[in-house]
Every structure is written in C-alpha cells, then in structure tokens.
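Visitor: All chains, full assembly: derive it from the sequences and hints.
Here the sequence shown is numbered in my numbering, starting from 13 and rising by one per residue.
Hints are computed from structural coordinates only; laboratory data are not their basis.
Idealized CB from N, CA, C, for every residue including glycine.
Across the chosen pairs, the derived CB separations fall in these ranges:
1. Gly87 - Ser196: 32 to 42 Å
2. Ala241 - Leu172: 20 to 30 Å
3. Ala241 - Gly74: 43 to 53 Å
4. Gly112 - Ala241: 14 to 24 Å
Here are the simulated DMTMM-like cross-link-like pairs (lysine to aspartate or glutamate), alpha carbons at most 20 Å apart as the crow flies:
5. Lys115 - Glu175
6. Lys115 - Glu101
7. Lys115 - Asp250
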Amino acid sequence: MIDRETGTTGESGTPRGGRRLTPRRVAVVLLAVLAVLLVAAVAVTALAFPSVAATTCPGCYGLERLRPGLYTEPGLSPERRRQVIEVVERANRRVSDFYGGRKSSPDVLVCLTDDCYRRIGGGGERGVAVLNRAVMLSPRGADPVIASHEMSHVELHARLGGEVPQWFNEGLAVLVSDDPRYLSPAGDRCLAEPRPALPATLEDWLHAASADRRVYAEAACRVSRWAGAGGGPRAVRDLTARLSAGGSFAEVTGITGHAPPSRP
Numbered sequence: 013m014i015d016r017e018t019g020t021t022g023e024s025g026t027p028r029g030g031r032r033l034t035p036r037r038v039a040v041v042l043l044a045v046l047a048v049l050l051v052a053a054v055a056v057t058a059l060a061f062p063s064v065a066a067t068t069c070p071g072c073y074g075l076e077r078l079r080p081g082l083y084t085e086p087g088l089s090p091e092r093r094r095q096v097i098e099v100v101e102r103a104n105r106r107v108s109d110f111y112g113g114r115k116s117s118p119d120v121l122v123c124l125t126d127d128c129y130r131r132i133g134g135g136g137e138r139g140v141a142v143l144n145r146a147v148m149l150s151p152r153g154a155d156p157v158i159a160s161h162e163m164s165h166v167e168l169h170a171r172l173g174g175e176v177p178q179w180f181n182e183g184l185a186v187l188v189s190d191d192p193r194y195l196s197p198a199g200d201r202c203l204a205e206p207r208p209a210l211p212a213t214l215e216d217w218l219h220a221a222s223a224d225r226r227v228y229a230e231a232a233c234r235v236s237r238w239a240g241a242g243g244g245p246r247a248v249r250d251l252t253a254r255l256s257a258g259g260s261f262a263e264v265t266g267i268t269g270h271a272p273p274s275r276p
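Guide: Printed below as a string of structure tokens:
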C-alpha cells in the first residue's frame, strides 16, 4: 500500500517516488547514457587526435569536397582547384600503374595553407597516411610524389596479410612515388648504401628519420635492388599475395637478418 501523504512504499515494494522503472524507461536511460559517452568519446578524439577526426569528417574542419574522396580548403580559385585535382589524379595513376590496379581508395585531404593543415592536425611533415585509410597533404606536399608516397602506404596495407619491416614500407613508398630526392633516375638507383641494420619498427624508423633523412635513400636502395632482382613491381605484387597466404617476410623476400641484397 502507498502512503498517499508521503508517497513512500508499503509492502508492495513500489519504488519511493511512486513511478516504476519499466523496461522501456531503463532502455531510455541507457540510450541517454550511451549518447553522452559517445559525444564525450568524439570530443576526446577531436582534441587528442584531430587528424583522425578530420579524415572522418572533413567538413567539420572547414574543408569542402571537390569530388568524391577529395577535400580541400574553401575559397580556392578555379585554377588552384584544378591543380589539386590533377595532383591527386597523377598520384593515383602512379600507384595504380605500379601495383597493376588498386585495392584501396583513401580519402585525400589537401591543404594549401599552413593554417588549414594545422587545423586538421598536421605538423611539420609534407604528408601523412592516417590510420591506413586516408591521406593528408600539407602545402609542401601537394604534389604527385608526396601524394603517391602516402597512397602507397595505404595500398600496401590494403594488400597485406602479414607484416613487413618499416624500412621496407618506406623504401617501397619511395620507389612507387619515384622520388628523385632518394633515387637516381636510372641504372642502380641507389643514392646511399644501406646501413647494416635499417629500422624495422615504426618507432625506430621515426627516430632514425628525424636524425638523418638519408635513411629514406638507404631503404629505397635496398627495396629497389630487391625488386629489380625479382622483376620490378611484379615482385611486390607477388610479395603481398604470398604474405596474404600466410608466408613470412623473410621467406618470401629472401632477406634474412639485416644483410642487404647484393648489387645486381
């Protein structure tokens, strides 16, 4: 029985306050809590990892869509918009030609001002692949070489069924992008002989690259010699297929330990 003056429960066990927590009310409360947690998680991600948030919602960071999957800052002249489109198209062709097709289709965010690039979470780099699903290009990286370098990282990730050392990932991206800073135009393309132990982990690579950018040329040298001995791009496509089938990097490439392949 309910005491009509106090609203407290009697022996029936109805909650104080007089209203039952029905399953529907419980569901509403839980949904409200989940919504609050989701908003909080989004806010934390936007603050801690703005590049992740920007590539997820480019429009939320002031970018406009030029075409599906391509975003840039608003207010560009028609000529500048055409230049951005041409850069991305040329980069896409380089990656597609090297791999004989594509398995990835990353969104590309292009900033032509430093303010734009900082706003979407960029730093001092020319470009970056974000979570292996999108590419961000700074004003210093809005060209086919840098764009195809970052797209190569995304494409390799889309094809892999196994891991590769970070030096191979970076050296391959230099080879795909045909970067003249780190490769000679013909013949034995090496501009720097590889050190005995190239960085295998991302952390070690970032540390080495910040100390000496020649590590890119060294990694590119090792990859270009390996690929050249195996038929060029065909060797890379075979590598990704065999890794996806369960092979190990050392077994597939024949690169064991830290010894670089010999000069062809």
